[in-house]
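K.L.:
With the hints as constraints, model all of the structure from the sequences given.
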Amino acid sequence: MMKELHLQGKSSVDIKECLKRIPMHPGVIAAIKSAHASGCDLRIISDANQFFIETILECHGLLGCFSHIVTNPSFVDGDGRLGIFPYHDVGSPSHGCNLCPPNLCKGVVIDQIRASVSANGRKIYIYLGDGRNDFCPTLRLVEGDHVMPRKDYALSKRIYSNRMLIMADIHEWSDGEELGKILLHLIHRISTEEINCSDLSQLNSSDHI
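Taken in order, the sequence shown gives residues 1 to 209; the numbers are from full-length UniProt numbering.
Derived by calculation from the structure, the hints in this document are not laboratory data. Computed from a predicted model, the values in this text were never measured in an experiment. Don't be surprised by glycine CBs; every beta carbon is placed ideally from N, CA and C. Just so you know, not all the hints are guaranteed correct.
Simulated crosslink set (DSS-like; lysine-lysine; CA at most 25 Å straight-line) [stated by the list, open to error]:
{"no.": "1", "residue 1": "Lys33", "residue 2": "Lys123"}
{"no.": "2", "residue 1": "Lys33", "residue 2": "Lys151"}
{"no.": "3", "residue 1": "Lys10", "residue 2": "Lys20"}
{"no.": "4", "residue 1": "Lys16", "residue 2": "Lys33"}
{"no.": "5", "residue 1": "Lys33", "residue 2": "Lys181"}
{"no.": "6", "residue 1": "Lys33", "residue 2": "Lys20"}
{"no.": "7", "residue 1": "Lys157", "residue 2": "Lys181"}
{"no.": "8", "residue 1": "Lys181", "residue 2": "Lys123"}
{"no.": "9", "residue 1": "Lys181", "residue 2": "Lys151"}
Taking CB as the label site, the calculated pair distances span [stated by the list, open to error]:
{"no.": "10", "residue 1": "Glu143", "residue 2": "Thr192", "range": "12 to 20 Å"}
{"no.": "11", "residue 1": "Val142", "residue 2": "His25", "range": "26 to 34 Å"}
{"no.": "12", "residue 1": "Leu184", "residue 2": "Arg122", "range": "18 to 26 Å"}
P.N.:
If you want it as structure tokens, here you go:
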């Protein structure tokens, strides 16, 4: 696709201006900002590319809400042309997942995230997605986690075709407004449960003093 755009004389500046016109539902923007403000560690795992994602997020004032963006790296050359590299080196041995494309296994990334934060205790994950390549990371979620597939899209269909393989709680959404409401409801519920568990732990500790 990038080669075709280059042949048409389109530069990275032209692409950026086009990306800035992509709308984002106000409910999604509000939910992301609210989740970030509440202390959630928000991360993106995407088969798009760094240039596209960062441009769109920056346009909507959301870039600073995400601690990590895992995607295909991009660069702009001296002539202003946009280039994209695969996240995984396709010239090296495969990541070994037959559910994901060679350039990015989202399940591997989920495992890496879990390993990097495991020292801080059990974390609850909320995974949002709609594509076929979101099924692999969904399989890595465990009981107590949550997956939010878009209703009637590829991920939702694969989940319900393989329901016995899914350990996480499932919460479907149809549009940006519903996505935002479900996400904030889950965050509030999880936060409340964590506070209650903390209070109970402190109470038990006091009983043994």
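K.L.:
Hint numbers the structure violates, sorted upward?
P.N.:
none
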